[in-house]
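Undergrad: Chain residues, written in single-letter form:
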Amino acid sequence: MFGKPEWFTPRKFGWGLGVRSWQGFAYIAVIAFIISAVWASPIAKDAKMLASIIFLAVVALDFIDIMRTVYSRLDEREQKHQLIAERNASFVAVAALIAYVILSMLSNMPAKTTPFSWDIMWNPQWFVLMGLLVLMGVTKGVTLLVLEREN
Amino acid sequence: MKNKLRELRARHRMTQDDLAKIAKVSRQTINAIENEKYDPSLPLAFSLARAFKCKIEDLFLQ
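Sequence order for the protein chains is P and D.
Mapping of the first sequence onto my numbering: position 147 corresponds to residue 147, and the numbering continues sequentially without gaps.
Basically my numbering = 1-based index in the second sequence + 1000.
Source of the hints: derived by calculation from the structure; they are not laboratory data.
Careful: at least some of the hints might be erroneous.
What the hints assert, rightly or not - List of simulated lysine-lysine pairs, BS3-like, C-alpha gap at most 30 Å:
#	chain 1	residue 1	chain 2	residue 2
1	P	Lys80	P	Lys12
2	D	Lys1024	D	Lys1004
3	P	Lys12	D	Lys1037
4	D	Lys1002	D	Lys1037
5	P	Lys80	D	Lys1055
6	D	Lys1024	D	Lys1053
7	P	Lys80	D	Lys1004
8	P	Lys12	D	Lys1055
9	D	Lys1053	P	Lys4
10	D	Lys1002	P	Lys80
11	D	Lys1002	P	Lys48
12	P	Lys12	D	Lys1053
13	P	Lys80	D	Lys1053
14	P	Lys4	D	Lys1024
15	D	Lys1002	D	Lys1021
16	D	Lys1021	P	Lys80
17	D	Lys1053	D	Lys1002
18	D	Lys1021	P	Lys4
To be verified - Okay, the calculated beta carbon distance ranges per label pair:
#	chain 1	residue 1	chain 2	residue 2	range
19	P	Ile28	D	Leu1061	22 to 30 Å
20	P	Leu74	D	Asn1035	57 to 65 Å
21	D	Lys1004	P	Arg87	30 to 38 Å
22	P	Ser21	D	Asn1031	20 to 28 Å
Cβ coordinates follow ideal geometry from the N, Cα and C atoms, glycine included.
Could you build the full structure based on these sequences and the hints that come with them?
TA: Here you go:
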């Protein structure tokens, strides 16, 4: 829609897109500028919020479209690398979760938070989840780097 | 898998980038095949053979 796939590249560490050219940086800067302009404008707070949500929804759709195109342009070798990296990230996630549950059981700590409660927002187990995502992203990146060098 | 990709590419005066564009893969993939680090799929192997107008068995050796 607005952004071009040529401006972005698949991210090695983590998921999503990395910036490939100055146009990609300009695209992000324009989005940030528009959001800032909306919040700096003298309109009602509810209107600012609505405008921001609508704009960010459009940006998210554009981003998903770019990501779909960028990943579909990978050739067979690159796709194979991505799959192996995702698999390794999943293995690490499963291993880390098993280790976490075992540690929770050993220390009599509840491994499960209460669902449908706002208390969940302040639960320290969010850090476990964040740590898990970081670990998976790093595993994916390291796998891709090794595969690119060796294969 | 051993192959004559580099030899044939030189004979046809093609760069890795030229061949990559014909085969619709990245230049890095062509480089990996030439260095015998990556074995291409059958459709890609056919595509490469077609680029040099030769048989697949003339391009890839056992």
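Undergrad: The structure should be examined with respect to each hint, and the outcome stated for every one.
TA: Verification of the hints:
no. : hint                              : in the structure
1   : Lys80(P) x Lys12(P)               : holds (14 Å)
2   : Lys1024(D) x Lys1004(D)           : holds (19 Å)
3   : Lys12(P) x Lys1037(D)             : holds (20 Å)
4   : Lys1002(D) x Lys1037(D)           : holds (10 Å)
5   : Lys80(P) x Lys1055(D)             : holds (26 Å)
6   : Lys1024(D) x Lys1053(D)           : holds (16 Å)
7   : Lys80(P) x Lys1004(D)             : holds (24 Å)
8   : Lys12(P) x Lys1055(D)             : violated (37 Å)
9   : Lys1053(D) x Lys4(P)              : violated (35 Å)
10  : Lys1002(D) x Lys80(P)             : holds (21 Å)
11  : Lys1002(D) x Lys48(P)             : violated (63 Å)
12  : Lys12(P) x Lys1053(D)             : violated (36 Å)
13  : Lys80(P) x Lys1053(D)             : holds (27 Å)
14  : Lys4(P) x Lys1024(D)              : holds (19 Å)
15  : Lys1002(D) x Lys1021(D)           : holds (22 Å)
16  : Lys1021(D) x Lys80(P)             : holds (19 Å)
17  : Lys1053(D) x Lys1002(D)           : holds (19 Å)
18  : Lys1021(D) x Lys4(P)              : holds (20 Å)
19  : Ile28(P) x Leu1061(D): 22 to 30 Å : violated (48 Å)
20  : Leu74(P) x Asn1035(D): 57 to 65 Å : violated (20 Å)
21  : Lys1004(D) x Arg87(P): 30 to 38 Å : holds (33 Å)
22  : Ser21(P) x Asn1031(D): 20 to 28 Å : holds (23 Å)
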